[in-house]
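With these hints in hand, go ahead and build the complete structure from the sequences.
Protein sequence lines, in the order shown, are assigned to chains A and B. First residue of the first sequence: 48, per the numbering used here; consecutive thereafter. First residue of the second sequence: 39, per the numbering used here; consecutive thereafter.
Zero decoy hints are in this set.
Only pairs whose alpha carbons sit at most 25 Å apart, straight line, appear in this in silico DSS-like list of lysine-lysine:
hint	chain 1	residue 1	chain 2	residue 2
1	A	Lys167	A	Lys85
2	B	Lys89	B	Lys116
3	B	Lys148	A	Lys85
4	B	Lys144	B	Lys154
5	A	Lys85	B	Lys144
6	A	Lys167	B	Lys144
7	A	Lys167	B	Lys148
8	B	Lys116	B	Lys86
Residues from chain A that keep clear of chain B, each with C-beta distances beyond 12 Å, as calculated:
hint	residue
9	Thr101
10	Gly111
11	Glu124
12	Gly128
13	Lys153
14	Val156
15	Ile160
Here are some chain A residues the structure puts well away from chain B; computed CB gaps all over 12 Å:
hint	residue
16	Glu104
17	Ile105
18	Glu106
19	Tyr113
20	Arg114
21	Arg118
22	Gly129
23	Tyr131
24	Glu133
25	Leu135
26	Pro136
27	Val141
28	Val175
29	Pro177
Rather than coming from a laboratory, the hints here were simulated on the basis of the structure. Even glycine gets a Cβ: it sits at the ideal position worked out from N, Cα and C.
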Amino acid sequence: MLDRNSAALALTFPSDREIVMTRVFDAPRQLVFEAWTKPEHLVHWFGARGWSLTICEIELRPGGTYRFVWRGPEGEEMGMGGVYREILPPERLVSTESFVGCVPGKESVNTMILEERNGKTTMTTTIVYPSAEVRDAVIQSGMERGVGESMDRLAEHLQTMA
Amino acid sequence: MTADQLDTVFAALADPTRRAILARLASGAATVTELAEPFEMSLPGISKHLKVLRRAGLIEQGRDAQWRPCQLDASPLKEVADWVEPYRRFWEQSFDRLDDYLQVLKNREKRRARQK
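Structure follows, in structure tokens:
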């Protein structure tokens with residue numbers, strides 16, 4: 048098991064329309080990059096507990112689109128999608144992101160940087176929204192529906208893989 | 039808390055001197071002179087920072103004109119934490135799952151390397 052304390056997620060707000068997420072993973076960045084960009088990997092981890100990624104489409108090329116749809120513990124759905132802008136495996140991924148139902152033009156631009164040191168990867172993702180209002184709306188409502196606490200699907204998944 | 043109030047709190051927290059002032063006040067009330075000491079800053083300079091913190095509701099200042107001791111009010115900090123909590127939880131839970139999944143991928147690669 049990983050020491051969760053050393054792998055804590057850091058969320059900072061350097062300006063009123065940005066979010067910066069920093070997280071360390073105990074794996075080489077090649078693996079982290081693949082886990083982020085291949086549907087066969089994403090379905091195993093992306094989403095809060097109790098939510099399953101039911102649609103995961105990725106066209107991994109500059110200008111290519113992606114679309115994710117989750118189903119929650121009560122059958123509720125949420126989705127997000129966007130366009131890949133820059134793809135530089137295994138160190139940099141720039142894409143736009145918006146939640147399904149969002150008004151066009153309200154998408155964020157997300158820049159993920161992966162740095163590797165001694166076999167561990169530090170992910171720094173900078174999310175820039177068009178305005179403070181959009182950022183705050185995403186934080187206040189967009190993710191709320193994405194959180195379910197009903198069960199720990201991961202434990203089940205790991206058992207089937209063992 | 040409205041979006042404007044949140045922005046005021048974030049702006050107040052964006053400055054390292056103001057964060058240090060809050061950290062100092064977390065261990066008890068202090069006068070402006072006491073607060074100015076570790077920063078090698080003029081009293082008007084510190085007063086400017088205190089004004090920003092006061093507007094954000096992060097400190098209360100006594101009315102005694104001579105001493106005006108400052109006190110921390112942590113309630114806006116809790117509101118900021120509550121506001122971002124669902125967002126944080128989404129990503130924390132995803133990344134915890136990713137931790138475990140990366141171990142699975144690492145083991146798979148090791149097995150593959152052994153088979154070669």
